[in-house]
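Here the structure of chain A is known, so what remains is to put chain B in place on it, guided by the hints.
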Amino acid sequence: MKQFLTFVRKEFLHVLRDKKTLFILFGMPIVQILIFGFALTNEVKNSQIVVVDYAKDMASQEIITKIEASRYFEITKSLSGSKELEAAFRTGEIKMAIVFPEGFNNQLLHQNKAQIQVIADASDPNNATTLTNYVSSIISDYQAQMNENSPVPYQIKPEVKMLYNPQLKGAPNFVPGVMALVLMLVCVMMTAISIVKEKETGTMEILLVSPFKPLMVILSKAVPYLLLSMVNVISILLLSVFVLDLPIAGNIFLLFAESTLFIITCLTLGIFISVKTDSQQTAMLISLLGMLLPTLLFSGFMFPIENMPVPLQWFSNIVPSKWYYIIVKGIMIKGLGFSYIWKETLILFGITVFLLIISLKSFKIRL
Amino acid sequence: MNENVISCNALTKRFGDFTAVDSITFDVEKGEIFGFLGANGAGKTTAMRMLCGLSIPTSGEATIAGFNVYKETEKIKKNIGYMSQKFSLYDDLTVQENITFFAGIYGLSDKSIKENSASLLKQLGMEDQANKRVGSLPLGWKQKLAFSTAIIHKPEIVFLDEPTGGVDPVTRRQFWDLIYEASGNGITVFVTTHYMDEAEYCNRVSIMVDGRVEALDTPTNLKKQFNVSTMDEVFYHLAREAKRGE
Chain A
1 MKQFLTFVRK EFLHVLRDKK TLFILFGMPI VQILIFGFAL TNEVKNSQIV VVDYAKDMAS
61 QEIITKIEAS RYFEITKSLS GSKELEAAFR TGEIKMAIVF PEGFNNQLLH QNKAQIQVIA
121 DASDPNNATT LTNYVSSIIS DYQAQMNENS PVPYQIKPEV KMLYNPQLKG APNFVPGVMA
181 LVLMLVCVMM TAISIVKEKE TGTMEILLVS PFKPLMVILS KAVPYLLLSM VNVISILLLS
241 VFVLDLPIAG NIFLLFAEST LFIITCLTLG IFISVKTDSQ QTAMLISLLG MLLPTLLFSG
301 FMFPIENMPV PLQWFSNIVP SKWYYIIVKG IMIKGLGFSY IWKETLILFG ITVFLLIISL
361 KSFKIRL
Chain B
1 MNENVISCNA LTKRFGDFTA VDSITFDVEK GEIFGFLGAN GAGKTTAMRM LCGLSIPTSG
61 EATIAGFNVY KETEKIKKNI GYMSQKFSLY DDLTVQENIT FFAGIYGLSD KSIKENSASL
121 LKQLGMEDQA NKRVGSLPLG WKQKLAFSTA IIHKPEIVFL DEPTGGVDPV TRRQFWDLIY
181 EASGNGITVF VTTHYMDEAE YCNRVSIMVD GRVEALDTPT NLKKQFNVST MDEVFYHLAR
241 EAKRGE
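As they're listed, the protein sequences go chains A and B.
Read in order, the letters of the first sequence correspond to residues 1 to 367 in the UniProt record's numbering.
Read in order, the letters of the second sequence correspond to residues 1 to 246 in the UniProt record's numbering.
So here's chain A without its partners, still in its complex pose (with noise of 0.2 Å):
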């Protein structure tokens, strides 16, 4: 035990010691986070949206104003006809269309509910969903307005219409994504750069005549990794709580015991990749293509797994990312307990003893 604290002693060291594997290991989470969250997606501010008014009354005219007010949308111009909205629509001139029915205002006084329509692009349907919901809560403010003063409740309800892609499929929920990214990165490279250079060193010739077990030291090249891609999971978290204002719907422990259990996943494929190369560009290279493009485009992180072939399909089952991006996106998201993800626990957790157990064999033989 104490040859082996020895070791992960050393591990650290080694770690701590080299800045760019530093830079690495916290600044790309914090950078792709970043990246991920304000680059790509999520805030949208000054949206070109058009308002097809058909009521012309009291009740429109102040919504419009409100909604004008905000810093989220522009409205560009109104519109009187739905054929010129489609054909705006078409040209990706604006990005959502509002629509008031005739005799909005009066509907609402008279029978206490009204249907505003709304419409949005959702080609892009992060996009859409967020400007969809940034007007439906203006509605939905101005409808408590009203209901203040009010003794029976008003109504107004959004109809709201997804254009070109209803279902919002492939809606990119990015922390998941991330998370599975960074930790692929993190685990997988990092621990097989670091076995390999041991190797190519000489020192791993060393530690083998030593009287040091290679099973051990094997997992005290682990264990400093082990910690810090769980400091990376943290970091990762509190970005997306604190400045993406994503917040997390499920259990936070069972998400860091999943991810616990991705890491592990992430650590036994780096260690195969170690044991099966010679040298740290190879290592690095088969992470990189081996890892990081199917972390990438089979999870399903940024590209749909539905509109993909059928091979491709399959294939998809054997990225371990997927899983756990499932698993992520189901707690985090969708406030999922263990109950509804037990099935890809299990298969994370099947990928992981195969992976240990092929690789460990296999260093045997190499030894």
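Rather than coming from a laboratory, the hints here were simulated on the basis of the structure.
Heads up, the beta-carbon is just placed ideally off N, CA and C, and yes, glycines get one too.
A couple of the hints might just be wrong.
[Said to hold, decoys possible] Partial list, derived from the structure: chain B residues whose beta carbon lies under 8 Å from chain A:
(1) Cys52
(2) Leu54
(3) Lys77
[Claimed, not checked] Not close to chain B: a few residues of chain A, all C-beta gaps over 10 Å, as computed:
(4) Gln3
(5) Ile75
(6) Phe212
(7) Ile234
(8) Leu312
Relative to chain A, chain B alone:
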């Protein structure tokens, strides 16, 4: 009568049809400096791996420090030191951290790590460098440090695999001074080398050709036997008959 710390009898290793080490038999006495020579591909490395407990022999017998190479590899590992041709310390750790680490994985207690590393640093005259990163030291120093680290746990035998590759002649001389010192302290030194002047420094030398030990004696006797004046010629005489290439 000296005790034998290495003793091989018809030790053989086959990989499929290929016999890498073909029935080698020899003994090495305690405190001896034993030169293990041979051209590339002659089977030196394979033989050495078996003696270090890294590779199980196909047939034959061998005991290292009194332990059986088939059954007691763990005990063998505790009682040997090893230094390879590749420089083998961690560049990004300091001198002291390297010593502590290697002493640590051999299971030395904190107290003896402290004592041993202090005397090691003193012996090498490197007290001032203790907190410098190994990467910043000149190669000669690294090599000496690597050797001292390999014997920090006071093993019975130290295996040196071409320890002086790429080092200048002066440093090589100094390195051999360390080897003599270790041997004087009762540590058996088993060394492979391609430098024939180094072969002259050994107490006894064996020369492997095509997996077999073709000659084994003191350098003086070997030169007499082949009627030549240098070890270089002895080696050439034997190695040119090799059938295996690299």
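Out of the numbered hints, which ones does the structure contradict?
Result: hints 4, 6 break, sorted rising.
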